[in-house]
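Student: Each residue of the sequence shown is one higher than the one before, starting from 251 at the first, in my numbering.
Hints were generated in silico from the structure; no laboratory data involved.
Here a beta-carbon is modelled for each residue, glycine too, at the ideal position from N, C-alpha and C.
Among the hints, erroneous ones may be present.
[Stated by the list, open to error] Between beta-carbon pairs, the in silico distance windows are:
no.: 1; residue 1: Arg463; residue 2: Pro439; range: 56 to 62 Å
no.: 2; residue 1: Glu848; residue 2: Ala420; range: 55 to 61 Å
no.: 3; residue 1: Asp402; residue 2: Pro546; range: 31 to 37 Å
no.: 4; residue 1: Gly682; residue 2: Arg424; range: 35 to 41 Å
[Claimed, not checked] Listed next, the in silico DSSO-like pairs over lysine-lysine satisfying Cα-Cα at most 27 Å (straight line):
no.: 5; residue 1: Lys489; residue 2: Lys508
no.: 6; residue 1: Lys723; residue 2: Lys807
no.: 7; residue 1: Lys521; residue 2: Lys543
no.: 8; residue 1: Lys489; residue 2: Lys521
no.: 9; residue 1: Lys508; residue 2: Lys521
no.: 10; residue 1: Lys723; residue 2: Lys708
no.: 11; residue 1: Lys723; residue 2: Lys876
no.: 12; residue 1: Lys260; residue 2: Lys304
no.: 13; residue 1: Lys470; residue 2: Lys450
no.: 14; residue 1: Lys476; residue 2: Lys489
no.: 15; residue 1: Lys511; residue 2: Lys450
no.: 16; residue 1: Lys467; residue 2: Lys489
no.: 17; residue 1: Lys476; residue 2: Lys515
no.: 18; residue 1: Lys450; residue 2: Lys471
no.: 19; residue 1: Lys467; residue 2: Lys450
no.: 20; residue 1: Lys521; residue 2: Lys476
no.: 21; residue 1: Lys450; residue 2: Lys543
no.: 22; residue 1: Lys460; residue 2: Lys508
no.: 23; residue 1: Lys401; residue 2: Lys450
no.: 24; residue 1: Lys489; residue 2: Lys470
no.: 25; residue 1: Lys443; residue 2: Lys471
no.: 26; residue 1: Lys511; residue 2: Lys460
no.: 27; residue 1: Lys827; residue 2: Lys807
no.: 28; residue 1: Lys807; residue 2: Lys708
no.: 29; residue 1: Lys471; residue 2: Lys489
no.: 30; residue 1: Lys471; residue 2: Lys460
no.: 31; residue 1: Lys489; residue 2: Lys511
no.: 32; residue 1: Lys460; residue 2: Lys450
no.: 33; residue 1: Lys827; residue 2: Lys876
no.: 34; residue 1: Lys543; residue 2: Lys489
no.: 35; residue 1: Lys450; residue 2: Lys521
no.: 36; residue 1: Lys470; residue 2: Lys460
no.: 37; residue 1: Lys401; residue 2: Lys443
no.: 38; residue 1: Lys304; residue 2: Lys401
no.: 39; residue 1: Lys489; residue 2: Lys515
no.: 40; residue 1: Lys521; residue 2: Lys511
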Amino acid sequence: MMVHGPTEFKGFTLSTFQRKAAAALDTDHNVLVAAPTGAGKTLVAEYAIHLAQKQGTRALYTAPIKALSNQKFRDFTADPEIHSVGLSTGDITLNSGGRVLVMTTEILRNTLVEDASQLSDVGVVVFDEVHFMDDPDRGSVWEETLMFLPKDVIIVALSATIDNLGQFAAWLERVRERPVTVVEETNRPVPLKHFLYHPKAGVFPPSRLKPVRARFKSHKKDRAYKMRDDNPLLDELVKDERLPILYFCFSRRLCETKARKVSRKRRLTSKAEAAAFNEQWEAGRAEFGFDDKGGPMGELRGMLARGVGFHHAGMLPLQKEMVERLFATGLVKLLYTTETFALGINMPARAVIFDSLTKFDGVDFDYMRTRDYMQMAGRAGRLGMDSEGLVYSVLEMEDVLEAPIHRIQAGRVEPITSRFNLDYATLVHLHGMAGRDYAAEVWENSFAAFQAREHSSKREEQNRRRMRAILNKRFRFLEEMGYIRGEREILARGRTCLHLFGYEIQLTELLYEGVFEDIDPPALCGLIAAVIHEGRRRDEYWRNALRPMRGTLRHAKRVIDYAIEREVDSGLSASIKQIDEAMSPAIYEYAMGRPFPELARFTNAAPGDFVRVARMTVQYLRHLQKLVGDSHPDLAETTSTAIECLYRGPIDVRAELGLEDGPAKEDSAEKPAVEQEEGAAASEETAAPDQRPEQRRRKKPRS
């Protein structure tokens, strides 16, 4: 088949699928690209961005996690052909009028609701990792954004391989009212080779699983067969020079434990590499000004100097930054990491190891989805350096006997399932636009309705009735709470909630019920943190530190309890989160001026978790300040002081982006449900227990 389109772009010779996508963009088609990790989807996005620049329109690049947004901001800033780049992630807003604006998807959705006129000159929007529509907590945001964007905006959707690509494309074409060109690539530039490992069987290909399984059945009671030991595997890979390695673990603690243990026994760097490491580390220390005489950075330096490291959500941003830099330059040879290192961030390795084929799915441990496995396995194999990527799965005896290996490694990649679920702020917005019946029309255009319609007329009618009943109950709740009235009227509470996405009911009620009155800045920080924090099961904190704000917290709980009761009285399941004060003592003490290293006295949360919650607290403080600037000048002043108290040290994101001190403001609220900077749904950011081999509980395996 003849393929038109450019043959080269930015010095690269385009592959067939890239040329097809470029040709579609040249004819103003929307484009849906599904290709394996590392196949070159990003080049299609860059082509669309450069095309928009030639046409004099702005381009938006949306990503599911802030780490990926930050990386794209750096990449586009370094592109000499892009002269104006902005960033908007909730942590920071820089040059929001840039001709190319990188943002998280929540920011874009919220902008569409708050003030869509800001996007009047946008010509193209790139949705990176669009299969995130399948995420239980955040997927609805992708779907809403695709529906609400003006129809003249060109969509470039980049996805991993999915089973229902045609169905998704058909819906996208219908809802966008513009032809969609589907570009599917199944070949990897660097093919993968899969292996299994057990200490009693060594390394073997999946084709030998049957005889290995037969042998293991006769040793079910043999304790030696139940032992885990990956040292022989590491010995073999190091000996055969199959470094660098990404070693995926699904527990933060396990990442750290394994890295510390291995770094004590192995040095993977040469003398020349050790010198290069020292040079790069000192450059980072000069740039960021961190102290490595002891503490977290000191320990990390000693480990990384030997070529071993770890990477997960609980680390400080500067720690992760240094690990990423050193891995990218080949000075970290063995990196223990959680799964988000595979999400969009372009840092491939020679080999990938899975510590386990099971992961926590939010309820229990289960064998992972094919899509998840392939996303991580796809990091094996460096383009232009490796002829193949090597993937090893460490098995326990139970895995050898019953794991659905073929389904995980070579099965059909799971389809996207709609998670459409309009939240309260969106419903208020829709009510004001065209009345409550408009929400039902919006649902009829959703991917959820499209999937139900394609399934059967009976399923479609069942879903329609269920959704209409839920919408009616939600509108009744909003009316009883004083957010909307009549056909299209939005009341004061409703107008306020439109700027507080994520926790719109809680924060609106606290404001209108006077909980923020006569509050000092540190207590305000602690209260906002309690609203947005969604803790882990093992959270511990020093409750005495909450004594100065105990009355405020009690008042807040009563106000939110009332809202929850009204929600349940409306016939709905309780969805409004009550406050969680586990992080508030540390936030309060930090706002009082306590040094960051002393916060361990007030919380057992990982430093990275504290930073994440503190940044989100600053984010919502900025929204609150903007809301009350004219109507409540005293509260606005308190809020301003609270931001100054909190936005310092590691909370200030500007250092990570290599920016000098200066004003950095927010303009949109990001729904923080499971902040995907640190993992897909049901991963390390959920309240998962540590995945220790002897404690894993599994559901019946998916076949």
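Student: Would you mind marking each hint as holding or not holding in the structure?
Tutor: Structure-based check of all given hints:
no., hint, verdict
1, Arg463 with Pro439: 56 to 62 Å, "violated (33 Å)"
2, Glu848 with Ala420: 55 to 61 Å, "holds (57 Å)"
3, Asp402 with Pro546: 31 to 37 Å, "violated (50 Å)"
4, Gly682 with Arg424: 35 to 41 Å, "violated (26 Å)"
5, Lys489 with Lys508, "holds (19 Å)"
6, Lys723 with Lys807, "holds (24 Å)"
7, Lys521 with Lys543, "holds (22 Å)"
8, Lys489 with Lys521, "holds (18 Å)"
9, Lys508 with Lys521, "holds (24 Å)"
10, Lys723 with Lys708, "holds (23 Å)"
11, Lys723 with Lys876, "violated (31 Å)"
12, Lys260 with Lys304, "holds (15 Å)"
13, Lys470 with Lys450, "holds (13 Å)"
14, Lys476 with Lys489, "holds (26 Å)"
15, Lys511 with Lys450, "holds (22 Å)"
16, Lys467 with Lys489, "violated (31 Å)"
17, Lys476 with Lys515, "holds (24 Å)"
18, Lys450 with Lys471, "holds (14 Å)"
19, Lys467 with Lys450, "holds (13 Å)"
20, Lys521 with Lys476, "violated (39 Å)"
21, Lys450 with Lys543, "violated (43 Å)"
22, Lys460 with Lys508, "violated (30 Å)"
23, Lys401 with Lys450, "violated (59 Å)"
24, Lys489 with Lys470, "violated (32 Å)"
25, Lys443 with Lys471, "violated (32 Å)"
26, Lys511 with Lys460, "violated (33 Å)"
27, Lys827 with Lys807, "holds (10 Å)"
28, Lys807 with Lys708, "violated (43 Å)"
29, Lys471 with Lys489, "violated (33 Å)"
30, Lys471 with Lys460, "holds (19 Å)"
31, Lys489 with Lys511, "holds (19 Å)"
32, Lys460 with Lys450, "holds (15 Å)"
33, Lys827 with Lys876, "holds (24 Å)"
34, Lys543 with Lys489, "violated (33 Å)"
35, Lys450 with Lys521, "violated (35 Å)"
36, Lys470 with Lys460, "holds (16 Å)"
37, Lys401 with Lys443, "violated (43 Å)"
38, Lys304 with Lys401, "holds (20 Å)"
39, Lys489 with Lys515, "holds (15 Å)"
40, Lys521 with Lys511, "holds (22 Å)"
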